[in-house]
Every structure is written in C-alpha cells, then in structure tokens.
Amino acid sequence: MPDANKGDLIQIHKIVLEPEKRPDNLPPSTAAVPYECWIKGFLMNENANMGDKVKIKTFIGREISGALYQVSPKYDHDFGEAQKEILSVGYEAFQQLENKHKANRE
Amino acid sequence: MGASYSEIMSKKQEIVLKATGINYDEFEFSPISFDYERLMNSCGYSLQDVQKILLETGVGQTQLVELKNLTELVRLIAPSGKGGRIFVKDEAANPSGSFKDRRAALSIYHAKKSGYKGVVAASSGNYGAAVASQAAKRGLKSIILQEVYDNRKVGQPEILEKTRACEAYGAEVWQLTVGPELFYIMLRVLEDTGFFSASLYVPTSILGIETLGYELAKQLLEMEGRFPDVVLITHAGGGNVTGTARGLIKAGSTQTAVVGVSVDLRGLHMASDSDFNRKSFTTGHSGFGIPFLTWPDRTDVPRNCARGLRYLDRYVLVSQGEVFYTTELLAKLEGMERGPAGNTSLAGALAVARELDRDQILVVQETEYTAAGKMPSSQLTFAKENGIKVTRGNPRENTPGKSIVIPERVDQLRVEDFSMDKIRHSYIKNAIKAAGDYELTEADERFLAEDSKSSLDQVREVIQSSNH
Chain V
1 MPDANKGDLI
11 QIHKIVLEPE
21 KRPDNLPPST
31 AAVPYECWIK
41 GFLMNENANM
51 GDKVKIKTFI
61 GREISGALYQ
71 VSPKYDHDFG
81 EAQKEILSVG
91 YEAFQQLENK
101 HKANRE
Chain G
1 MGASYSEIMS
11 KKQEIVLKAT
21 GINYDEFEFS
31 PISFDYERLM
41 NSCGYSLQDV
51 QKILLETGVG
61 QTQLVELKNL
71 TELVRLIAPS
81 GKGGRIFVKD
91 EAANPSGSFK
101 DRRAALSIYH
111 AKKSGYKGVV
121 AASSGNYGAA
131 VASQAAKRGL
141 KSIILQEVYD
151 NRKVGQPEIL
161 EKTRACEAYG
171 AEVWQLTVGP
181 ELFYIMLRVL
191 EDTGFFSASL
201 YVPTSILGIE
211 TLGYELAKQL
221 LEMEGRFPDV
231 VLITHAGGGN
241 VTGTARGLIK
251 AGSTQTAVVG
261 VSVDLRGLHM
271 ASDSDFNRKS
281 FTTGHSGFGI
291 PFLTWPDRTD
301 VPRNCARGLR
311 YLDRYVLVSQ
321 GEVFYTTELL
331 AKLEGMERGP
341 AGNTSLAGAL
351 AVARELDRDQ
361 ILVVQETEYT
371 AAGKMPSSQL
381 TFAKENGIKV
391 TRGNPRENTP
401 GKSIVIPERV
411 DQLRVEDFSM
421 DKIRHSYIKN
431 AIKAAGDYEL
441 TEADERFLAE
451 DSKSSLDQVR
461 EVIQSSNH
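Chains V and G supply the protein sequences, listed in that same order. Quick note on numbering: the numbering used here labels position 88 of the first sequence as 88, and the sequence is numbered without any gaps. Quick note on numbering: the numbering used here labels position 296 of the second sequence as 296, and the sequence is numbered without any gaps.
Calculated directly from the structure, the hints in this document are not laboratory data. Model, not experiment: these values are computed from the prediction. From the three backbone atoms N, C-alpha and C, an ideal C-beta is built for every residue, glycine too. Incorrect hints may have been included.
Stated by the list, open to error - A partial selection of chain V residues facing chain G, derived with a Cβ cut-off under 8 Å:
#: 1; residue: V16
#: 2; residue: K21
#: 3; residue: L26
#: 4; residue: T30
#: 5; residue: Y35
#: 6; residue: C37
#: 7; residue: F59
#: 8; residue: H77
#: 9; residue: E81
#: 10; residue: I86
Claimed, not checked - Only pairs whose alpha carbons sit at most 20 Å apart, straight line, appear in this in silico EDC-like list of lysine to aspartate or glutamate:
#: 11; chain 1: V; residue 1: K55; chain 2: G; residue 2: E167
#: 12; chain 1: V; residue 1: K100; chain 2: G; residue 2: D411
#: 13; chain 1: G; residue 1: K68; chain 2: V; residue 2: E92
#: 14; chain 1: V; residue 1: K84; chain 2: G; residue 2: E385
Turn these sequences into a full structure, and let the hints steer you where they fit.
In structure tokens:
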C-alpha cells in the first residue's frame, strides 16, 4: 500500500539552498547546513511513498513540488509540563496582598 | 529549484516596487535623508480613515483596563508615596489575538483596493496570523513565510503555534530553517505570484498602529481626565514604538514618556542555527530591538517606516525570567491569561511604576492571546529540553542562552537602561557609513538629528569623530 493517495493532506520537504549556495557572512553553524523548507498541501499524484518527488496543491490552490515528508501532519506543540519554578508565584503574591488587607483591618 | 540567490537579489528593487506599489526613489533627498512624512502620507489615508477601515474587520477599540491588584502589589514594595497606577490595553481582543491586526488591516485593505489577488508576509510571530486573518476577511489569498526550525528540525513551541494559527486562517505556510535568506524567499514568492508585499515596514503597516496610541490616549482622557505619564511598548523591529508614539502625538498626548522594553537576549546571534533554540522568546527581544534602532533600513523595503529612535525617550531591557514571573502575576492576580509579547512591557512597568508617584499613570499598550506553545509551562519545558537551566532566585543572575532565573519576589524586578546616546551615536555612524563617499549637507545633519531625536550639535560631534 502506498504511503499517501491523491487528495491526502501531506507535507513536502525541499532543500532551498545547499550550503555552498548560501550567502557569505553566515555564522558557522548556519553556513554548514542547507537552507530547508516544509510546506503542507493536498497530494496531486495518484499515490506516493515517503521521499518520492510529488506535487501538492496548497491551501490557497498553488501547485508546489517537493519530496513527500509526512502524511496527515499533526500539530504536536503542547502546554508543556508543570513547572515547579513558577507554580507558586501567583499564590505568593496573593498572600502578600491578603496579609496587607488583614493588617489594614487590624 | 527556482532562481539563484544572487539572481533574485539583483532584481530586488524591481520586485519591491511591483509588490508594494511604492516608488521609494521619489522620497529620497540624498544618500542620507528622505522625506519620511511624505512617504508616510503617500497612500492618502487619514487617521480617521484608518480607524474606519480597521473597524470594518473588527479591529481595534479594545478595552483599557486598570490593573489594580498589580498596582497594589507594587505599592507594597515601593518607597513611600510611590507606585504609579498601571493600565493595560487588552489587544488580545483583536480578531487574531494581538495588536498585529492593526498592523495588517490597512495593508490588506490597501492591497485589495489596489487589485492584488493575494499577500505575502515574512513573520514567525503574531503578524503572520494577523495577515492571514485579515486576508481571509477581505477575500485575498495569503502566503506566510516563517523561520521555524534549526537543522535538527526542532522548532520553538511558540513558532509552531503560529504555524497552526496561520493555517487555521487558510494561509499557505512555508516553514523554513534558520537564515537571513527569508528575504530571498520572500522576493522569490513575490515574483512568482505577483502578490502584495505585506511588509512590516511599509507606511500602511505603521499607520494602522497609530490607531493604538491614539485610542489609548483618548480612552484614558475619557476615564481619568488626563493623558498617560508613561507608555511602555514591547520593542522589536520598531513598528510598535513608532506607530504608538505617532498616535499619541496625534491625540495631543505630547508630554507622555515613550519607553521601549525588550527581553535581554544579548550574546545570542540571531542568524545562528545553534543559538536559535536557546531563546524562549521569538520576538520583542534585544536581538531585534538594538539592531533595528541603530540601523532601521535593514529591512525588506528600501526605507523603513518603523523608525523607533525618532520617538523613544527611554529603552530598557528585562530578563526572560522576569517576563515569565509577570505572566504568572497577570493571570493569578488580574485574571488575565495572556502571552509573552505584552507581558514583556508589563514586566518593565512593574519596575518603572516604583519610580513614579501614586497619582501618575503608566499604560502597557498591548496584550496578546496565549495558547499551547506560548505559555510559560510550554516555553520553560522547551528551555530545559534545550539545556537551559531554570531556577528561582535573583533575576540579575539570568544569562541569555544559559539560564533563566524566575524572581522570588516582585521587588527583584528591575529594568536595565540601555544608553540612548550610545544608540544614537551608532545610528548616525551607520547612516554615514551607508552613504559611502558623500559629503553631508546641513539638511542631512538636520535629518539625522530628527531621525535620532538628537540635537544638531550631537550629530555634528559624531560626524567629526567619524572623520578622524
């Protein structure tokens, strides 16, 4: 079974500039790597496997080609884990105000 | 794979002219000076026109809210009689969740009126979502170009959230790796599509933001019978400072001190792949703030209409930890869960308020929406995953790219003043250098003075020192 079929939402990958084609004066860690890009859209080929050169129709109907990178890409950024360094910040300040109000009443 | 880097860059002027409809040459006086006000007015929109156009798509007229609990907290630790009142303009109430809707709305209206079928913007932040949202409202297509990933394909959660938001508004999003070639891609896409360049730095972008300064001044006048003493503005590329300050002046609020606030990320290189994910804030930081003040004409248009140095009275830095701390305080004491952009200037306000008398008023002029990827829990998780040490303690011990220190008490919040004279000096020197082999006239000196809020004597001093 192919990885993706016509009409599936996929993500393509493109190398925009190989390291040697990048402009001068980049910091070393940037100059050493290619300039890359990922774009989402609907697969226009009948079907395709990962890495195949394919064409997509983007969300605004433009046609762009690149290598099949992911099928049904999902958003996986999240709320993160509870952070002990900030968990009590709000309550500490709340208590400061509460103590002041108590002192005012006394 | 498309035209080469040098090929596209050599066609820069022609592409920008077609994509903005502005012939920047018309406004040039000399290699140093240009007619800023005539450029700003070249599209023919008055402030009242802009307000009306923004309201058509539900942008602006946000609430100005007094933060009484935070003011009270500051007064607990301020010297006797000190502790100015803090207000915030709740810009998160705009359609895409930030003041950037103001920045996009007029440009998109102008693009539609001028017959463009779509718009292109380069932004990893709220501006991209604002452009996509406004384009949807006006029936235009949008393409958003974002710097998202380092070479491991790891992206900051805040930027990934912006990808999601732009796509939610129907944009075609290009997620790119780190590099200044974003500008090359922008030119290439503009050439391929014939779309409008919704640059952050064109006149319509700044005119849209003027409504923010104007509105807050008029609102405070209505509520309190006076203009603000201090307005704090999160500063990156300079548009927020420029537009807000111009709006304040148009409202008659000419005595208000304009304070720019950035997160201190000094030492991290903005174009460095390895530094990219060692910061927790994608914008509103010194990595943009300082270079855009010392040389504003570094953008995707020949003359940048965001010229913060013309308007700033003071520029201060806060640490990452102080912004996370402030975000928690705003949520827990004021019931407003908001994102880091506005909370940067709010962190500054908590420190500056201690210097002001109790009857003085500070306005923090924006909030932004928050979401997965933008919250402290998400950003601190990411920081730890990227080797940043997170502790509680004295925020002065915060080191950009190495450690984030969450303050233990509100009295530990400070602003660090960045020398305005140093910035002015650098700007004037950069302008002279960019002009090359050219003898400055007195008109040029006057331009440089105005463009850097300096005296003529200050300008002449720098010119003399540059000649030696």
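Here is what the structure says about each hint:
The interface hint given for V16(V) holds, since its Cβ lies 7 Å from the closest Cβ of chain G, which is under the 8 Å cut-off. The interface hint given for K21(V) is met, as the beta carbon of that residue sits about 6 Å from the closest beta carbon of chain G, less than 8 Å. For the restraint placing L26(V) at the interface with chain G, the shortest Cβ-Cβ distance is roughly 6 Å, inside the 8 Å limit, so the hint holds. A cut of 8 Å between beta carbons decides the hint on T30(V): the least distance to chain G is about 4 Å, and the hint holds.
With 8 Å as the threshold, the beta carbon of Y35(V) comes within range of chain G, its nearest partner Cβ sitting at about 5 Å, so the hint holds. With 8 Å as the threshold, the beta carbon of C37(V) comes within range of chain G, its nearest partner Cβ sitting at about 5 Å, so the hint holds. Interface restraint check: F59(V) against chain G, minimum CB-CB distance 5 Å, threshold 8 Å, status holds. Taking 8 Å as the C-beta cut-off, the interface hint given for H77(V) holds, the closest approach to chain G being about 4 Å.
With 8 Å as the threshold, the beta carbon of E81(V) comes within range of chain G, its nearest partner Cβ sitting at about 5 Å, so the hint holds. Interface restraint check: I86(V) against chain G, minimum CB-CB distance 5 Å, threshold 8 Å, status holds. Annotation: proposed proximity of K55(V) to E167(G) holds, straight-line Cα distance about 19 Å (limit 20 Å). At roughly 16 Å between alpha-carbon atoms, K100(V) and D411(G) fall within 20 Å of each other, so this suggested pair holds.
With a C-alpha separation of about 17 Å, the suggested pair K68(G) and E92(V) falls inside the 20 Å cut-off, and the hint holds. In summary, the hint linking K84(V) to E385(G) is supported, as the alpha carbons are separated by about 15 Å, within the 20 Å threshold.
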